[in-house]
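Chemist: For the record, the sequence lines run as chains A and B. Each residue of the first sequence is one higher than the one before, starting from 0 at the first, in numbering that gives the first Met the number 0. Each residue of the second sequence is one higher than the one before, starting from 0 at the first, in numbering that gives the first Met the number 0.
Derived by calculation from the structure, the hints in this document are not laboratory data. Hints may be right or wrong, so weigh each one.
[What the hints assert, rightly or not] For each label pair, taking beta carbons as the anchor points, the in silico distance ranges come out as:
hint	chain 1	residue 1	chain 2	residue 2	range
1	B	Leu408	A	Ser313	22 to 32 Å
2	A	Arg381	B	Pro5	23 to 33 Å
3	B	Pro5	A	Pro58	49 to 59 Å
4	B	Ala87	A	Ala56	53 to 63 Å
C-beta: ideal position from N, C-alpha, C; glycine also.
Number of protein chains: 2
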Amino acid sequence: MRWTLPTTQVPEAWFNVVPQLPEPLQPPLHPATREPIGPQDLAPLFPMALIGQEVSAAPWIDIPGPVLDVLRLWRPTPLVRARRLEQALDTPARIYFKDESVSPAGSHKPNTAVPQAFYNHAEGVMRLATETGAGQWGSALAFACALFGLQCKVYMVRASYQQKPYRRVMMETWGGEVVPSPVDQPDHPGSLGTAISDAVRDAATRDDTHYALGSVLNHVLLHQTVIGLEAREQLQLAGEERPDLIVGCCGGGSNLGGLALPFVPDPKVELLAAEPSSCPTLTEGRFDYDFGDTAGMTPLLAMYSLGHDFIPPSIHAGGLRYHGDAPIISLLVRSGRMRAVAHPQTAVFEAAVQFARTQGTIPAPETAHAIRATIDAAVQAREAGRERVILFGYSGHGLLDLQAYDDFLAGRLAGT
Amino acid sequence: MRWTLPTTQVPEAWFNVVPQLPEPLQPPLHPATREPIGPQDLAPLFPMALIGQEVSAAPWIDIPGPVLDVLRLWRPTPLVRARRLEQALDTPARIYFKDESVSPAGSHKPNTAVPQAFYNHAEGVMRLATETGAGQWGSALAFACALFGLQCKVYMVRASYQQKPYRRVMMETWGGEVVPSPVDQPDHPGSLGTAISDAVRDAATRDDTHYALGSVLNHVLLHQTVIGLEAREQLQLAGEERPDLIVGCCGGGSNLGGLALPFVPDPKVELLAAEPSSCPTLTEGRFDYDFGDTAGMTPLLAMYSLGHDFIPPSIHAGGLRYHGDAPIISLLVRSGRMRAVAHPQTAVFEAAVQFARTQGTIPAPETAHAIRATIDAAVQAREAGRERVILFGYSGHGLLDLQAYDDFLAGRLAGT
């Protein structure tokens, strides 16, 4: 069963969790002075509307009409009950997922790409620069820029640029310009760190250009709360008072935050982050101030981190290969409001294939981390003979990740 | 705006157009005797339930409950008003599309793969064999077989098998077995004709195995009528009495038939088939009895055909490279109830990119033929100053066809 809502019921305000967090967020620090940064420090990179949202303590922030018009191209997204998976697991748990894979770019990323493009356009910016690893974020921003008439320049990690041309083609179909990073070292395979440096340098040195980030920051998680707000309403249509457990995969934290943050004020709802064993930021990282990028050019953020020079192994869930985590997610974990679990990628792909053969759709490798954790919780519910309502985030489809499935089915996937 | 329906409103019966056609269908003929074939001729390949549907004159045929249960994983599909495209074209036409790309396999094909798997399973068949060219049909059948616990063997045209591995991986993820065709000539690039021969031979020589076909036959078009039945209801929700024009891309005819057949009895609804200039079956073919396959093993069908030995050029819309057309579609065109138009692929991809940059989603190359014809009709409406309601079939997404977009954007696409 699926629960849909009419397009008139896309939420008209974002939910700001900041005033309801268990303790105050620590401010970002200037990378050189280590003093708290102010709006003027961010003005070369971001429009004032987003800088204001980054530090806002308002409980709700209105979504502008032109943003709603675009979100309604695919929102509200469906809430689906995974009955066939439940039957295969013989579990008394009721499993629901919120399907963000239906967006034009195939993931939750456009939820923030669209308002970021809108606010930049509204403040007269003509061009956005960003980085992308596997390509999910870059394609979401290229899509959003196409709809607001902005130019979009994407610095793509060179190894991905060469090995995964389809994401590049998506971006170009929407009119984006894509170049391999690092731009000045043509033999370097690149990393998210080099690509961030290229994009920030581009934005800082051109008057017509701003920078856009697809995760980690407060305003990004804010924009993603449409996911959880819709899910809460749809669960009620499905006859559920509340989810007992919410599960999301976690790289930078925007997908998990989008689904979970509207439920933070309800202490009866358990929150779980699923991350890869090979990049175990929340389960094995240290909570401290650290840089957002490898080169140490960004402000210092108070977060769980494996160290800004940590280079995770090349796993297929490229969207989860980040050394840090969103400050909001980090605070929730440190305070005990959210738990975290890490899974090796072979166990993750076993869950993905079980999902595909019962529910039909092929999930993104990132999403499959949440499916692994959900299946484990549903099996525990069976063993405990306990009814539970589990809601997980189906953050994206795997149609541009089929090489990973080929490697798994052929036994070529590294176990970690 | 999108119009959705609850999953309880998936149609519970298929619409059979046969009793309402302008003239009777001519029967298929035996390839050797040229006499009309009977059920016993088809029994080695198809279950009796499907053979019965192939010749039924009942106006409606009930959809079995287990089929509905699976269809409800993604149905009803959305009806979307393409307002941004309308604005870009500055047209008084109102453009709607029925989005079949949301199925697990990414196209309309599962609408018939699911009942075909169900009826075979119900009659004790353990295994299905089929052919696939670009891979859309093979992946739909592999998906359907996974959900009913059937084995699935797909003979894939060797050139596609080697050049487009992602569709093969999709089929394998659902548990299907995929081999390149022709199986006995490892240096031959293959064709749909060789693959049909391999699949039919497999089914004819194994007691546990039947054959499944993804287009052309009456029962296939019957299963696809859920598309048009839902669209009719959704158009009324949108406040439209009827569409003035229905447009669908046409290869074998199942996508077009699924959308258009429920509207055949209403003479105020104009019907238009969009096909590729390089395989212009309806616009330049001859109406006569011809074989369904290249080797002349299948029954003879009364249809428009370019000749069963016609080899179309290698265009990117692989799903439209078929020498014939469904007998039902052929009869509608010959009687004047439906028109047909042919477009060269560069003009088709221009329309696809315009759609992606206005509406956001990237269509399949097949679907883009319908978009080309729709844009042309909307521009004519503007020039005539005439309000029109245009409904087209968004038969599938282009996420596994991005190489074609790369070729188009780089100017490497052949013009025909």
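Chemist: It remains to establish, for every hint, whether it holds in the given structure.
Modeler: Verification of the supplied hints:
no. : hint                              : in the structure
1   : B:Leu408 <-> A:Ser313: 22 to 32 Å : 29 Å, holds
2   : A:Arg381 <-> B:Pro5: 23 to 33 Å   : 30 Å, holds
3   : B:Pro5 <-> A:Pro58: 49 to 59 Å    : 32 Å, violated
4   : B:Ala87 <-> A:Ala56: 53 to 63 Å   : 41 Å, violated
In summary, the numbered hints that this structure violates are 3 and 4.
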